[in-house]
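*Asks:* Take a look at the letters that make up each chain.
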Amino acid sequence: MRFAYPGGVEVYPEPGLTLTLGSGVTALVGENGAGKTTLTKLLIGLLRPSAGSVTVAGLEVAKITVAAMARTVGYSFQNPDDQLFERTVQAEVSFGPRVLRRSAEGIERGVAWALRACGLEGKEDVHPHDLGLSERKWVAIASALAGEPAVVVLDEPTLGQDYPSRERLRSLVRELDDRGRSVLVVTHDMDFVGEACPTAVVLSHGRVRYSGPTSKAFADHSVIQEAGLEPPHVDSLARMLGLSECVSEADFLSAWRR
Amino acid sequence: MAGGLSLYAEGKSLLHRAHPLTKGALTLSAIAIAFIAPSIGWVLGIGVILLVLVTAAGVLRRLLAVAAAILLPITLLLLAVQGFANANNRTVAFALGPIVYYREGLAIAALAALRIACLVCATFLFSFTTRPADISEALMQRGLSTRMGYVVQSALQIIPQTLDMAGRIQDAQRARGLETEGSLPRRARAYLPLMLPLVLSSLVATQERAMALEVRGFGLPVKRVARFEFADSPLQRVLRWVLIGAVPAAIAARLAGWR
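These protein sequence lines map, in sequence, to chains X and R. Using my numbering, you'd call the opening residue of the first sequence number 1 and step up by one each time. Using my numbering, you'd call the opening residue of the second sequence number 1 and step up by one each time.
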């Protein structure tokens, strides 16, 4: 697949991007400007490839409208202010399932679950713009989830989040995985990637530099450096202690016990 | 500011370097005189001068692209309406069966089209060679209050910024399932949910911009120094007065019987 923004700069250089994302939770990482957000927008059809094609859950994205894709893909924007437009959190979160004409029962179930999973219970009647950045980010995430889509794309969900928020995000991603959803997380937070994403794709200058289990993603340091990434802190600690590679606390503890 | 959103084209020509107010005076007086001048010859003369300036500024190709898109339909419409249907039509230019085309209408249409061409030329000449921010900056250096300068600047930027914001809101709504593509009624319906958030976001943006300006000392009652002075010269000062003075002179000439 190829794509160029107006002005002609190719995001994915010759011969273009070829990538298959599996089910489960996948992290999409890479330096600023690597083409991560462009890729997520191509997945829902907000951008259209200039050559080649994008297929999501059996649907060829170029052949249907963005709105029709929204039935399958829940998309949370990098900047919540690009996404929030309703007057209350409740209206914002239920906008998707409402315009998708879900059943009243389906709307209620999806919205209630999304609000709970995103820690927004009790804030239903607040104006989204009266919330802080971190909470607006959660409203944006809840809005992407309320339609109960099969594929969830979260662009930089960890941005500006404190520790409890990141923990909530971790359990949310796990819950989505348990419910059989495919999740793609764009992030610069490698600790989060190590803890929450079993699979990782490393993108650098528009090329796929790694695609596979997260546990092996940090092995090749030249790739990590080129992609402007820092390995998870537990990995650095394990190296200092002469242990084998670790990407999560659980890995570290089992390596330490051995 | 907003470089990507303005028409400004980087360049080093005499016009690019000229004082923004000189270019402003040139634009306004060229437009005014084109509409005051009585005959095709005079208007054509102004048009030629403007084209020479456009060529000297190195923006002829850009001008032709945009001007053609604006002027062609207007000119064709004027030629058709005036030539066939002007009340003063007397002399037949040619006839296609029952349809008769008249000389008087043709002359009136040509004059009107040339005047509009001058207007378009002068406006784009100014826009292509002047940064939007420079206009308000130059006015503020000439004593316009900073608040008014900000109003001028905002006015110049409001359309591209609003379009940008509308695009983002629509992307968000589409990504959540609102159908905005397809038939005309469907696309028209999609504008309704856009309006309220657009107005609201604009207000929020205004509030945040006001705060950002305030923390950078916008409201301080102090005398400001300019970050840079626009290069000016006695010649340009004289030229500005001549250009501005030419407008009342042209009006007076018309009243005195300039035909």
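These aren't lab readings, by the way, just hints derived from the structure by calculation. Some clues are possibly wrong.
List of simulated lysine to any residue pairs, SDA-like, C-alpha gap at most 20 Å [unchecked claim]:
{"hint": "1", "chain 1": "X", "residue 1": "Lys41", "chain 2": "X", "residue 2": "Gln90"}
{"hint": "2", "chain 1": "X", "residue 1": "Lys41", "chain 2": "R", "residue 2": "Glu179"}
{"hint": "3", "chain 1": "X", "residue 1": "Lys63", "chain 2": "R", "residue 2": "Glu179"}
Here the structure is a predicted model, which is why all the values come from computation and not from measurement.
*Asks:* Indicate, hint by hint, whether the structure satisfies it.
*Replies:* Here is what the structure says about each hint:
1. Only pairs whose Cα atoms come within 20 Å are accepted, and Lys41/X paired with Gln90/X is rejected, the gap being roughly 25 Å.
2. The hinted pair formed by Lys41/X and Glu179/R meets the criterion: a straight-line CA distance of about 17 Å does not exceed 20 Å.
3. The straight-line distance between the Cα atoms of Lys63/X and Glu179/R is roughly 14 Å, inside the 20 Å bound, and the hint therefore holds.
Checked against the numbered hints above, the structure breaks only hint 1 and satisfies the rest.
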